[in-house]
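**Student:** Let the hints inform the model, and build the full structure from the sequences given.
Here the protein sequences line up with chains A, B and C, keeping their order.
Under this note's numbering, the first residue of the first sequence is numbered 164, with each subsequent residue one higher.
Under this note's numbering, the first residue of the second sequence is numbered 16, with each subsequent residue one higher.
Under this note's numbering, the first residue of the third sequence is numbered 145, with each subsequent residue one higher.
By construction, these hints were calculated from the structure, which means they are not laboratory data.
There may be inaccurate statements among the hints.
[Stated by the list, open to error] Computed list of chain B residues with no C-beta within reach of chain C, every gap over 12 Å:
id	residue
1	91
2	146
3	183
4	185
5	230
6	686
[Unchecked claim] Distance condition first, Cα-Cα at most 16 Å in a straight line; then the derived EDC-like pairs of lysine to aspartate or glutamate:
id	chain 1	residue 1	chain 2	residue 2
7	A	293	B	288
8	B	297	A	295
9	B	197	B	146
10	C	304	C	319
11	B	283	A	290
12	B	283	A	288
13	A	293	B	600
14	B	197	C	200
Idealized CB from N, CA, C, for every residue including glycine.
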Amino acid sequence: MSLFSEIFVWWHGQTMGTRFYTWRKGKLMGTDDQGNKYYQASDGASIGGYVRRWAIYNGDAEASRVPPEWHGWLHHTVDVTPDESGYRVKPWEKPHRANLTGTPLAYRPSGSILAEGVRPAATGDYEAWKPE
Amino acid sequence: MPKLVVDGVEVEVEPGTTLIQACEAAGSEIPRFCYHERLSIAGNCRMCLVEVEKSPKPVASCAMPAGEGMVVHTNSPLVKRAREGVMEFLLINHPLDCPICDQGGECDLQDQSMAYGVDGSRFHENKRAVEEKYMGPLVKTVMTRCIHCTRCIRFTTEVAGISELGAIGRGEDMEITTYLEKALSSELSANVVDLCPVGALTFRPTAFSARPWEYKKTESIDVMDAVGSNIRVDSRGAEVMRILPRTNDDVNEEWISDKTRFVVDGLKTQRLDTPYVRENGKLRAATWDEAFAAIAAKVKAAKPERMAAIAGDLACAESMKALKDLFDKLGSANIDCRQDGAKIGGKGRAAYLFNSTIAGIESADALLIVGSDPRKEAPVLNARILKRWNQGHFRVGLVGEKRDLTYPYDYLGAGASTLGDLVAGKHDFLEVLKGAKNPMIIVGQGALTQKNGAAILAAALKIAELANAVREDWNGFNVLHTAASRVAGLDLGFLPGEGGRDVEAILEGASKGDVDFVYLLGADEIDTARLGSAFVVYQGSHGDMGAHRADVILPGAAYTEKNGTYVNTEGRVQFGRRAIFPMGEAREDWTIIRALSAVLGQTLPYDSLNALRDAMAAALPHFDAVDMIVPAHDLPSVSDADLAALGDDTSPFAVPVKDFYLTNPVARASRVMALCSAEFGAAPAQAAE
Amino acid sequence: MSVRRLSPNQPASFAFTPENLAWAKKEIAKYPAGREASAIISLLWQAQKQEGWVSEPAIRVIGDMLDMPYIRALEIATFYTMFNLAPVGEHYVQLCGTTPCWLRGADELKEVCRKHIGPEGHVSADGKLSWLEVECLGACVNAPMVQIGDDFYEDLDASKLETILTKLRNGEQVEPGPQSARHSSEPLGGLTSLTGTLQPAAGDK
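**Tutor:** Quick look at the structure:
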């Protein structure tokens, strides 16, 4: 992404302000499979007693893209990054799927009038008799 | 007559009245779970505790007779505390799963816990859990919710007459079940669901489909049998969701049969929703105009004496009246409402009514049943006979096929010859009838559909005469019908006119080519193969036998979709009301005939339902006496010539209801009824006790 | 004890022996016509005496004999705890676990039963023994006690019960009653009152 478009487009990756702050204070702690970068304040700046940690997304700024192992670190559930703790992705963990709400692929419960395919049963339905 | 004071109100009650009834009479409502007016008193829920002065502790008002000079308090702090204690105990083992419970919203426990429930529980142990019990295809059980009121046990034993439900185990481990989880074999089994004060017994076919507050409630009349049970049709949107009984002490008390209740899913399948016209041997969907034009062409071509009409078992009085008037105008006398060929009607109204009335059964003291199986033909009426039998000093005799009627009876014989013996005084049951104060005779369609049905009717009348069963103050001669439309049809004279053909002759004529045009008003129980090459118009709500044979199909309304008048077997005129609109292009039946009459150039003289009803009432005043009985006193006298055809046939009378669950087009379209039929099958002949 | 359900393993059929049948008919005849159902408990008990337990076919046979619905007979059979709804051993041990017996060491007796017979409610492999803890049998003076078959065995301890069970298993004779030195429920250490001879009171002739 060009530096120029970053001035106007904040929903991709980062704003200019974040870039500047990250350059000044950010200590890169690691990168996940999707290329999201995780930073920690190098001067130990803290919020509510916790060292400030943040992520710069590789692309869409969408919180659900943070994988569980990094989520734990980002939220101070664990102290060490997955890289340091040697975290291995379990074979049963599914790959990340983007949040589909608001898109045509969004989940519709059965009976939703927005669901496609078979029309759900409705009150007043009846089976008409057909000859033969 | 004990006098007592309830909450400061003085009431005087009959001796033997319970305290709970006395409190109701004084206007104080008593909460209860196990007590039910129509069942015996169990006194095991303890919810109806009241304070009686000079009594050391609260008393269960359902089990305490009202006594002279009692001073009762039903809303004192003591009473409230006592009931809260009872409620806390009841809730100890109740799962409180109201959000997923079908009873939610109409649950006695839920309602009463609003008044007497405490906000928390002091019970820290494990709640008990009970396995589900199988009780057949109609009753769904969640026995963990059961509070052991035993209403269901008492109902099945006392009202339904089948001792199949019981409580096994004891104490906390008491469980309600059938013997080894057999299905309940009663035709009234689903009434236990109405009685269940909690959600332990719910309706299996309609489980999890709606909440009680979503229903539109329409008070209507049932057409599954000729009892005319009072029902409430619960609909949501354009769909009938369920049918519940309405209390009417004169007819069905507060019970209805399983068929009445669970036929609802039949109202949604096999529906005729558009007119059809047969072209080149194939039925094709058509418009009303096309269908009427096709009929008009045939009617114009046919001679009046070569036209015929048959009314089915579910037809309302209005449609029969309209069809009869139309055929009168066309000049045809070939009309009949007796699909089964019963030899009845035309001889006076009293000769085809249930004259004693259903409530009157309770004052009878001897009963002769001729060619009928009331348990299958009219389960609710049979419950009334059982109620009378339970009161004692009541003898029942049966002529016909041996069936389990839920009460013991004297088996007199199978057929006409036994009846002849009775008339001749050769059978001692005649003495029983003679000795009775109010003897009763019920003649069923099984006897009247016999070839010598007229003679059998005469013989029954003769027996009534011999037993002095027909007096000023008592009429013990009764005909039990099986079709909801029958009495109205007979009243209206939907019978062959002079030189007219009856059903048998119509079919005979059609198969021989003597009848060219047959109008079937919902008539499906005839042998359609015998209609030969006649042009058949079928008007009805369901695609059954008649529709398959028809050349023109006119889609009509089912009984929940029209305002119709029905006359039950007692001659009681009752209004069925529309709960939902007819399906698709279908119309209310009388309007179809009215519209057709205009196309045929024989316009009928009524444009509204009220005008039609006025026309009916003008001809037959008892159609104005809605919900009431207009007694008929015109029993024909019997001559020996009438009895001559009785013969000495020992073969048993026919069984009109072969499969209780599949007697009409609506029931045959119902999956639930098919399921029941598979579970219980056609009724087997059973030995009497 | 109170969860009383039919055993999953049921025999194919049940029939009274001719003697028991005759006895049952006599029992039924005690009640007026139409009230035959009153004999249900006697008949179920006789069936239990004959088979050791009340089986499902027995309930049906007796229901038919008394012309009563099966469910009513089942209700009775499942209500009363003295009807065994599952097979029991040849010697059926009912061990009292209510407070007096419990205080006097019923728990030890239970251990013995577990060791010698097996888990509660199960018949031992040789079919000789089975045991069940029951509520008070009314012999608290001689606690702890067990009932085996029709007889009480009182003043027990672990070793005494062990001996009894071993003997029963081997088919040996065991004397019922108190297993201590005392007679009946007299004091253990001999009489402390009424020790003298009976003297006629003054005035008595």
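**Student:** Decide, hint by hint, whether the structure agrees.
**Tutor:** Structure-based check of all given hints:
1. For residue 91/B, the shortest C-beta to C-beta distance to chain C comes to about 36 Å, beyond the 12 Å cut-off, and the non-interface label holds.
2. For residue 146/B, the condition that its CB be more than 12 Å from all CB atoms of chain C is violated, with the nearest at approximately 10 Å.
3. With 12 Å as the threshold on Cβ separation, the claim that residue 183/B sits away from chain C is violated: the shortest Cβ distance comes to roughly 4 Å.
4. The Cβ of residue 185/B does not lie farther than 12 Å from every Cβ of chain C; its closest approach is about 5 Å, which violates its non-interface assignment.
5. The claim that residue 230/B lies off the interface holds: its Cβ sits roughly 35 Å from the closest Cβ of chain C, which is beyond the 12 Å cut-off.
6. Non-interface call for residue 686/B relative to chain C: holds, since the shortest CB-CB distance, roughly 29 Å, exceeds 12 Å.
7. Our distance criterion of 16 Å between C-alpha atoms is met by residue 293/A and residue 288/B, whose separation comes to about 10 Å.
8. For the hint linking residue 297/B to residue 295/A, the alpha-carbon distance of about 9 Å falls within 16 Å, and the restraint holds.
9. Distance hint between residue 197/B and residue 146/B is fulfilled; the C-alpha atoms sit about 15 Å from each other, no more than 16 Å.
10. A threshold of 16 Å between alpha carbons decides the hint, and for residue 304/C with residue 319/C the separation of about 12 Å falls inside it, so the pair holds.
11. The suggested pairing of residue 283/B with residue 290/A holds, with an alpha-carbon distance near 6 Å, which does not exceed 16 Å.
12. For a cut-off of 16 Å, the pair hint linking residue 283/B to residue 288/A stands: about 7 Å separates their Cα positions.
13. The suggested pairing of residue 293/A with residue 600/B holds, with an alpha-carbon distance near 14 Å, which does not exceed 16 Å.
14. Straight-line distance between C-alpha atoms of residue 197/B and residue 200/C comes to about 14 Å, which keeps the hinted pair within the 16 Å bound.
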